[in-house]
Structures are given as C-alpha cells and as structure tokens.
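There are 2 protein chains.
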Amino acid sequence: MPHKTVIVGGGAGGLGAAGGVKAARPDAEVVVYTEYEDVAYSPCGIPYVHGGEIPDFERLFLATKDAYVEAGIDVHYETRVSAIDTRAKTVTVDGAEPVGYDTLVLATGFDYADPGVPGGDLEGLYYVKNIRAAMEWDKFLDTVKRAVVIEASPLGVEMTTSLAHRGIETHLVDPHPWPLAEMADPDIMAPVEESWRELGVHTHFNTTLKGFIGQGSVSAVDTSDGEIPCDLVVVATHKQPNARLAAAAGITIGTTGGIVVDERMATSAPGVYAVGDCTEIPHGLTGVPLQGLTGSHAYAQGKTGGTNAGGGSRNYRAVYVPWGTPAGKWVIGGASFGETTATALGIPYVLGQAQGISRARYYPGVKPVKVKLLAEPGSLRLIGAQMVGQEGIKERADFLATAVRFGLTLHDLATMENVYSPAIGALNEPIVMAANNGLDELRKAGRS
Amino acid sequence: MPHKTVIVGGGAGGLGAAGGVKAARPDAEVVVYTEYEDVAYSPCGIPYVHGGEIPDFERLFLATKDAYVEAGIDVHYETRVSAIDTRAKTVTVDGAEPVGYDTLVLATGFDYADPGVPGGDLEGLYYVKNIRAAMEWDKFLDTVKRAVVIEASPLGVEMTTSLAHRGIETHLVDPHPWPLAEMADPDIMAPVEESWRELGVHTHFNTTLKGFIGQGSVSAVDTSDGEIPCDLVVVATHKQPNARLAAAAGITIGTTGGIVVDERMATSAPGVYAVGDCTEIPHGLTGVPLQGLTGSHAYAQGKTGGTNAGGGSRNYRAVYVPWGTPAGKWVIGGASFGETTATALGIPYVLGQAQGISRARYYPGVKPVKVKLLAEPGSLRLIGAQMVGQEGIKERADFLATAVRFGLTLHDLATMENVYSPAIGALNEPIVMAANNGLDELRKAGRS
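For the protein sequence lines, the chains are A and B, in the order given. Residue numbering for the first sequence follows the working numbering, starting at 1 and increasing by one per position. Residue numbering for the second sequence follows the working numbering, starting at 1 and increasing by one per position.
Hints are supplied without guarantee of correctness; some may be wrong.
Claimed, not checked - Distance windows between CB atoms, simulated:
#1 A:L351 / B:K329: 32 to 42 Å
#2 B:P368 / A:S224: 46 to 56 Å
#3 B:T343 / A:G167: 49 to 59 Å
#4 B:K329 / A:Q215: 17 to 27 Å
#5 A:V69 / B:D440: 49 to 59 Å
#6 B:P368 / A:K329: 19 to 29 Å
#7 B:K329 / A:Q355: 23 to 33 Å
#8 B:K329 / A:Q390: 19 to 29 Å
#9 B:I347 / A:G167: 22 to 32 Å
What the hints assert, rightly or not - Restricting the straight-line Cα-Cα distance to at most 20 Å, the calculated cross-link-like pairs of lysine-lysine (PhoX-like) are:
#10 B:K22 / A:K444
#11 A:K329 / A:K367
#12 A:K329 / A:K370
#13 B:K129 / B:K239
#14 B:K129 / A:K22
#15 A:K65 / A:K22
No lab work stands behind these hints: they were computed from the structure. C-beta atoms are modelled at their ideal positions from N, C-alpha and C, and glycine is treated no differently.
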C-alpha cells in the first residue's frame, strides 16, 4: 500500500499541502476533502470582481478539476469530514465508514465571527467566501441601492471600496475609531477615509452593531449610531480559526482559537499537520500567536506541512507579516506592527517617518509614498513599518518584513542605496528618508 | 572669518555637498562654481522630455536660483575653475585672483569618452548633458527623420527608446553583442531588443564606429556594418570621470581615472573632498573600483563629503549598486552584478531564476517579472541579481542590493514572506520563486 495523506480543506493551505506531499513523495496517495464545489480558485479576487476591476469570476479559477486528476490528487468535492480519530488514524467522511490515513493535514480555514446580534438569519447577509455563492451575490448586487459593510477588517476595507466603485451607496460600520484599527495606525488610514468620502462612502466609526432588521430579508442595520436602511449587508467580521474538528479530536488549540503547530506545521497529534487560517503562528519578534494571515502564508504553510506529511523535511518560520491592500484610491501596507499595536503590546519604539514620492517629482504619474518606521530604542533595530501610497507598497512591505527578520537598523536603512531613474524611482527613496529623519530626531533629542 | 567651503561643480554631487556643509555648520560660507547657466535641475529627466513622456523642460528644475541665495549658498554660474593649489588652499577662478578655502569639494562630474573617430567636429553630434543645450536640441529633434545613437550605454538605451517614441527612425550602434553588455546579461536584454524592434528601432550590435560623415553637419555614420545616413547622432559613449583639475593638482587618481577617496569622501590632499562621477568607489563584494554610478549615489556622496567638509562626521560605504531603467516597453534592473560581469571577473556563482508576475495572474495590468539571482557557491550568499519586468523593478533592486550587502542567502530569500493582494502582488513573489528554483537545482545536482 502506498503512503496515504488525507487533507481536509481545499483552499490555498490544503492545495499547497497536496503539492507538498507529491513533491516529497511522488507515489503517495493524496486525498483532499472539500465542502465546496470547487478548489483552485482565488477567493482573494472576489471583492475585485464585485467592484468591476476584474471583469469576470471565471478568471479566478487557477486550474481545472482535470489538472488535479492528472497530478494524482484525488479531490472529493462537496464532501464533509465530520470527525477525526487520531489514534485509529481515520477520518469520518459524510457519516460513512472511516477512511484511514498515514498522515493527515488539516486545512479547515476560518469562519467569520458571529456578529452575535438579532436578525442573523435574515436574507441579504453576505459572508464573502465561496466563489459559487459570490457569483449569485454578484447578480443580486445589480439590484442593490444601499449596502452596509460590518467591520473595517481587511475584507471590509476591500468590500467598502468595491461596492463604492460599483456605484452602490455604501455604509461602513465599525466599533473602532478608524478602519483596520487592529493593524493600521490612524495617520496611515486618514487618506483612505478621505478617499472613501470622495467615493461617497458613509463611515460610521465608534459605532456598535445592534442588530439586523427586516421581514425575511434585511432592510436595515441597527447600530449605536441609529438605523441604516439597506438592501444588503456584507458581514466582514473578524476571521476565526475553524478548529472544531481538531478540538473535538483532542488536538491542542492555542489562545487565539487556532491549532497549535510546531515549525514543521505538526500538531500535538502524531502524523497530523495543520496549515493556513485554522492555525496560529508566532510573530517573529514578540512570539505572540497570530492567526488570520494571508493566502500567501497559507500556501507556504501548506507546502511545508505537505512536505513533512509526505516524509520530506521543511520548516516554516515565525512570521514578520508583510501586508498590503488597496483601500479607496490608496494602497496601504506594512510589516510586523505599527504604533497602535506596539503601544497595545507595551513595546517601546522610536519613530522615523517621511513623506516621499514614487518617481522623480516631475515624472507623470508620480505618487506620494508615506513611510513610517518603528525601531527598538537603543539598538535601533527595525521592529515594524507602515505605509500609505500608490506604487511600490507591496515590494517595500516585503523588503521591510525581511529587514525586521534580519535585524536591520535605522542606520542600515539610512545608508541604503537606491535606484534613481525618473520614471521608476525618485532621487531619495522614502524608506531612506524615513530612517534619516528618525536618526535626525534622535540626534536632536540627544538620544544617539 | 567663518569657515569657507568651495565646491567645484553644480550637479547632484556638488549641491548635495553644499547642503551637507550647511547642515554640519550652518554659519559656513559655501561657494559653488559651475560652468553652466543653471544648477538644481535633473539631467536624468532630459531623455524623457525628448521622448514626450515628460511634457516640458521647465519641470526638470528643482529649485530657483533665489532658493540657493536664501539658503546661504553662493552659486557662481558660468564660471570655470581652472586650477587648484592644495598647499595654498586656493582655487583659480576664470584666470582671476586665487580664492581661498578651508575645505574644498570637487564635484566635477564626467565627460563622455571621445569616440576617437574622424568627423567629431561636425554639427549634429549631440552629447546629452546640459539642460539649456537640451532645450535647443529638442527643437532640432522636430526636424530629424533619422538618428543614430552611438553605444547602448544606460543613456544610449534611454535615448534609443525616447527617439523611437518620438517617431524618429532610430539606429543604435554598439560594439558589443547586446545592449548594456557591460552590466546586463543577454537574457535580460532580449525582451528589450524585441520591444525596440516593435518600435521600429534598427539595432547594429557587434558594430564598430568608424567615423562621422558630412559637410559641416553630420549626414551619415560610418560603421563596420556600413554607412547609416542620419540627421542627428546622439553620442552616448562611456562616462569618464572628469578628474583633470584634481590630477593637475597632484591628487591621487585611481585605475578607472576617477579620484580616489576614502569613506569620508576625502581625497589624498588635506581638506579636499571629491564626490559623484569624478570619483571611484569600491564595489562592496569585490573591492573593484567603480565609476559612473547614478545621481542618487552622487547626491549621497555629496551629503557625506559636504558634511565632513563642514566639520561634521559622516561615512559613505562601498556600493552594491542597485540599478534600473525603462528600456523599450520594459524596465530592467538589478543589484551588484550579473552573470556576464561575474564571469568576466572570474567569480564563481550558482543561479536561481524564475519567471514570475507582478499581480495576481487574473488581475488586469498583471506583468511578467523575470528574476535571476546569483549566489556564492557553498555559502549561497547572494552576490548579484538581474531582472526584467514592468512593475516593482526599482523596489526589488533596492531590496536585493541590501540583501547582497547584508549577506542574505538563497535560503533566506526562499523563506521570505510576501504580500499577496491581487491588485498589487501575486501569490508567489518572483524573488522567492527564483531562490527556490535555485535551491531545487542544487538539490537535483546533489550540491546542497
């Protein structure tokens, strides 16, 4: 009998794992169970189809079902795994006979947090996740005049921008004082709020959700700021790890509710790995467990967990979390954490910030780039960064996350060389300007 | 008497130095001599005005002459310094009485290498440098039907693209087998050559310049490939350090012809600094002296030299040379060196390369990004990189130059996290793909 790996979940983590197993052990039997009709599409693209930036859903599919058959990966669609027995090394599939495995990879993803208010069973509440559902919702969007987005989470920010681009009167309701308050600083988000206003978005911050109102279908959202009439609600609450199967099987769950894994993505149960949004991963600097990372993280974790599940050897590391997303007319992003999170965690920092530009000041299309660097007092090692701009945010976020990981200091960044070519880069790189400004401030304050 | 710094040259290096002196010693007397009518404009923008990407020359000016007066920087325009006496600490200006200095900064820039062929005194030979001249040449370009660019240097590449964009029949003559052959690899330049062909450019590689032909004005270029009729020749030969003043004063000149400086940008003469294209700077890995770096390097060297000339303390480091430029419809770039240079220097390397993309594969505007990484065999430390793409090349080049400087390995880059957000970044970062491919190749070859 060949080695058999069972994978529960068909998202980026699960399919990354399937590929990892096959790379490590080409003759392994790999079985994937998914509750959905499809695998191998990009859920991250859904908001952009709704917003009209991407013309259709079809192009979100990455591979045909045949491609998996050909790769020797046996995907079972619309199939639910209801239990795991880690001693017997079996999974129970749709209540039928247990299926045995040599190794198991859990890639069960996330659920949106229950808003926990009355009216949650009304029609017209859209939880963005599954592409087939999204295709149906997209038709419905053509009839929608007014929409409410619940919470300025990463998805909430994307959906707010997309619905506004689509010409729908969009209201954003969030209990925090500014959008993405758990990861982004208010100065980074201020231009985003401004550009939302230009797009006609109504923001309701410091506002608590009290309920969904309607007869059968939602007709209004009740909030601490009053009732907001609407035809649609996008529920973009916090992503919670879906660790139910693991928990029921006695596998160790962490403080965030995510499955605890080691650097091999192995859980507390022998032969059982977990990858993606159902896990928690330590932050590289603080060790604080994080969950709800990106599809890129899920895929990389999948490759690691799958490689190990296939008998190979691969490690995943603590994360430094480069992030970025369009928001209004801006792109925001960063690495590790910003001032708000540092303050909440009690982590002291010094700051270097600059308002730079993306091309030569005279080159058409030049855009502002604001860079804010947080460094450890004394050592001046970079511990976080936040940015708002339009060009080059993703590449700078990747770089700055790597700079945090390798302990680069403000001195190192202040002496960084940069490309100067009018169409693609300014004389002064904004990261270098921010580092120099931080050092200048310290000098003035007599602290360096 | 206040401290007096004299600066010879009004480009990025000279003005960076003027700012550096004033920052270190606000009451210093700072005198700048320039042979030209202007300072504080961006010569790097000139090709893009010729090409029509930038609508006019006026926007290349960075500051008014008044701004320097207000900053306490005394700029003497159209003024030539003809000699230096490093013992008497004086400079001779336009043959008049010697002018004393406490410290001197040489920022005398570069000259284009003399093509060394007959006909060099004909009209219609354009050496791109001075903005006033460029404004005159731009009017002439309206009458030009056919132009020849001599040498596929960085400027030659830019001017070839610009003239083609302007609708002029453009011929590029270069003695090497591919463009930018001294810094870029042929696989990186192949798409550029292809896109030039689409623009109607005629390339003549492996072709030697034999002379300029004409009666008064140039009417053809004579080459080893035959005569090329033309109305204009852009002479974009190698940039040579203009170190004549320094050499005549007995200051040490290096193997490239550039002024030798230490990390404070100090020359061999006490109190005399040199910055920018007139100097040579060691490459961070090899120690090989380099000259002809970018305006960004010149400006940073100026700040360093100026700070030290003003009595402050600042170091400049060996360079890892991030570079990038538009070329045809592509953007090319890299850091440190590529395969061609490594081979020429006898430096062994292993390679990791990948053809990636700049956004999610389904997101409109997605562009290819080819990344090639060179690493030291054994340690797998990054020693160079080359890229061709359209988006994010400058930011990746900055990052990769920093990665070379800090000794990051292919393993480090293969485990780099990256932003995944459909509009701004793909699931797999091309740098990470290239590093992983390199490691896979080594594994297959049994070398890691």
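Now the hints, each set against the structure:
1. A:L351 / B:K329: 32 to 42 Å: holds (40 Å)
2. B:P368 / A:S224: 46 to 56 Å: Once the Cβ atoms are compared, 50 Å apart, the range 46 to 56 Å for S224 (chain A) and P368 (chain B) holds.
3. B:T343 / A:G167: 49 to 59 Å: holds (57 Å)
4. B:K329 / A:Q215: 17 to 27 Å: Since the Cβ atoms of K329 (chain B) and Q215 (chain A) sit about 57 Å apart, the hinted range of 17 to 27 Å is violated.
5. A:V69 / B:D440: 49 to 59 Å: violated (25 Å)
6. B:P368 / A:K329: 19 to 29 Å: Between P368 (chain B) and K329 (chain A), where Cβ atoms are some 26 Å apart, the hint holds.
7. B:K329 / A:Q355: 23 to 33 Å: holds (31 Å)
8. B:K329 / A:Q390: 19 to 29 Å: holds (21 Å)
9. B:I347 / A:G167: 22 to 32 Å: With Cβ atoms ~58 Å apart, the hint is violated.
10. B:K22 / A:K444: Since the Cα atoms of K22 (chain B) and K444 (chain A) sit roughly 16 Å apart, the hinted pair holds (cutoff 20 Å).
11. A:K329 / A:K367: Status holds; Cα separation ~11 Å.
12. A:K329 / A:K370: Holds: K329 (chain A) and K370 (chain A) sit about 14 Å apart, inside 20 Å.
13. B:K129 / B:K239: Measuring from Cα to Cα gives roughly 11 Å; hence the hint holds.
14. B:K129 / A:K22: The hint is violated at about 58 Å.
15. A:K65 / A:K22: holds (17 Å)
Violated hints, listed in ascending order, are 4, 5, 9 and 14; each of the other numbered hints is respected by the structure.
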